[in-house]
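Peer 1: Chain by chain, the residues:
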Amino acid sequence: MSCTLKVHISDTNIEVTGNQCIKGVEYAKQEALNPVRHVMTVVKVRGGDLPTVSLITSKPVPKNCIEKVMEATANIELEAPVELDQVVVRDICGANLITTRKVHKALH
Amino acid sequence: MIEEKYDAVVIGGGPAGIAAAIKATELGLKTVLLENRDILGGIPLQCVHPGFGLHYFKEDLTGTQFIHRFFDRMEKIGVEYITSAHVYSIEYRDYMEKIVNVITRKGVLRLCSKTIIYTVGARERTIFEIGVVGDRPDGIYTAGEAQTMMDIYGVLPGKDIVIIGSGDVGLIMARRFALEGARVKAVIEIMPYPGGLMRNVVQCLIDYNIPLLLSHIALRVVGKKRVEKVVVARVDENLRPIPGTEFEIECDTIVIAAGLRPYVDLLEKLGVAMDPATGGPIVNELLETSMPGVFAAGNALVINDLADYVVEQGEKAAEGAKIFIENRGIPTEEWKPVKKGRNIRLAVPHYVSGKRDVTILARVAKPEQRVFVELPEVGYKVFHMAVRPAEMIRLDLSKDILSKAEKSITIEVKPIGQRT
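Residue numbers (this note's numbering), protein chains in the order written: chain A, 174 to 281; chain B, 322 to 741.
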């Protein structure tokens, strides 16, 4: 379920109203000051039972960093097998890029 | 021809089928899971975005991470399955004997089973079904097709995209296109409100400056070999195009995100009773259809919001199959119909006994704010800040509450301040 939040920013503090649970306050503050997002993509895999593996940022990164993450992953090619939670790119905008799918070696 | 005997044959290897096959195997039933494609995993396998598992695992997982938990469980308990297995017909030979005819890589199999769990999922509505006329060039895909191309095969469907339909699948694909360097020129929505969750409108459209054209309709496609443009117009309160408001959007790809429908071909051929509101079969609280011992779960039963729900349904169907086998049929009850009151468009399951806990999933017909969702016959009432067709309402009802019903139970939506 969703609710509509109002954020009031002054020199000294941030006020959030309209939230229906405590999580709303933290979320709204984050969105107002430093919005962050998870970034997900797929990269090529050679010799696997699937041609790609999916990746996600280990934690959300600043919105203005999304393009940097996409550029860093554009040309990556991995070799099967690929495990879950494998770190594919380290330390980009404060997060790692980890695999979210397993790829087994193709049988022939 | 040899007939292989089973207690349960599960048709469809997405999350509902995998969960059903795991549960059936755990319950000691001789089970086999059949999957049409060469890979298990269904829709979640191609969902690289998070939002899965919040209910079932209390964790925020990507679709891929979510389904892998179930792959692990399958392997651990040794669930039998066949991929590249196409079920072409189901026969009802006797009360405890259903025949499933399957084409596999090893040849045609005839499986004789006491129960069937039907978890084949949904199909997508096509451009033909939503009445968009004009040319039929290359470059027209449904949202799910586009997702398979991109997130399984790593192929970008096009560069300049127009998405028709603002349901969650369309919104999520809009973000994927934007991330991978394609330009989404517009998302066209016929209703005056978006079809998907608000968080997706924010994180998929607003974040990427993708225009959402509410109260607009796509009229026709223009293109010789490949899509060149789509002609769009505004609609009035009756959803009819307003003359004189037509304009063109140049694009090379059109993505149709106009909704899912339960894929009920085989059930219809079997003569199972259907619910026109859900497009799926009519079921009791054990998810048994009108054909004894044939169960349905997941998107084949009703289009679900969450894979978490679909897994629960798969498990429930397996429990139902066990009860069916142990008792040589689901014990006869005074089944009470679940009736749809004010502003309820659909509700599943359709019959309850009052002797078991039941989770009812419902959808409203129209969005409303500040309402009560009520079951007057049993005195159940819960407040909702807002209800929308795109967000299922979940009612976890104990048998103590349900046992209070005499003849039927009704679900209705009452605006706050209106007398009950």
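Honestly, I wouldn't trust all of these hints.
[Stated by the list, open to error] Straight-line Cα separation of at most 20 angstroms, SDA-like style, residue types lysine to any residue; simulated pairs:
1. 232/A to 418/B
2. 236/A to 379/B
3. 278/A to 375/B
4. 196/A to 375/B
5. 236/A to 360/B
6. 702/B to 658/B
7. 241/A to 379/B
8. 236/A to 500/B
9. 687/B to 705/B
10. 236/A to 705/B
11. 236/A to 523/B
12. 202/A to 528/B
13. 676/B to 647/B
14. 379/B to 233/A
15. 236/A to 501/B
16. 236/A to 658/B
17. 217/A to 528/B
18. 480/B to 278/A
19. 241/A to 530/B
20. 217/A to 360/B
21. 236/A to 503/B
22. 232/A to 503/B
23. 676/B to 640/B
24. 179/A to 404/B
25. 278/A to 404/B
26. 480/B to 264/A
27. 217/A to 687/B
28. 196/A to 372/B
[To be verified] Covered stretches of chain A, as calculated for chain B (at least 3 residues, CB under 8 angstroms):
29. 187-198
30. 261-270
No lab work stands behind these hints, which were simulated from the structure alone.
Please read these numbers as outputs of a predicted model, since none were measured by experiment.
Ideal Cβ placement from N, Cα and C applies to all residues, glycine included.
Peer 1: Against each hint, give a clear statement of whether it holds in the structure.
Peer 2: Tested hints:
no., hint, verdict
1, 232/A to 418/B, "violated, 51 angstroms"
2, 236/A to 379/B, "violated, 26 angstroms"
3, 278/A to 375/B, "violated, 31 angstroms"
4, 196/A to 375/B, "holds, 15 angstroms"
5, 236/A to 360/B, "violated, 35 angstroms"
6, 702/B to 658/B, "holds, 19 angstroms"
7, 241/A to 379/B, "violated, 31 angstroms"
8, 236/A to 500/B, "holds, 12 angstroms"
9, 687/B to 705/B, "holds, 14 angstroms"
10, 236/A to 705/B, "violated, 32 angstroms"
11, 236/A to 523/B, "holds, 13 angstroms"
12, 202/A to 528/B, "holds, 17 angstroms"
13, 676/B to 647/B, "holds, 18 angstroms"
14, 379/B to 233/A, "holds, 19 angstroms"
15, 236/A to 501/B, "holds, 15 angstroms"
16, 236/A to 658/B, "violated, 50 angstroms"
17, 217/A to 528/B, "violated, 27 angstroms"
18, 480/B to 278/A, "violated, 32 angstroms"
19, 241/A to 530/B, "holds, 18 angstroms"
20, 217/A to 360/B, "holds, 18 angstroms"
21, 236/A to 503/B, "holds, 18 angstroms"
22, 232/A to 503/B, "violated, 25 angstroms"
23, 676/B to 640/B, "holds, 15 angstroms"
24, 179/A to 404/B, "violated, 51 angstroms"
25, 278/A to 404/B, "holds, 17 angstroms"
26, 480/B to 264/A, "violated, 30 angstroms"
27, 217/A to 687/B, "violated, 44 angstroms"
28, 196/A to 372/B, "holds, 16 angstroms"
29, 187-198, "violated (count 1)"
30, 261-270, "violated (count 0)"
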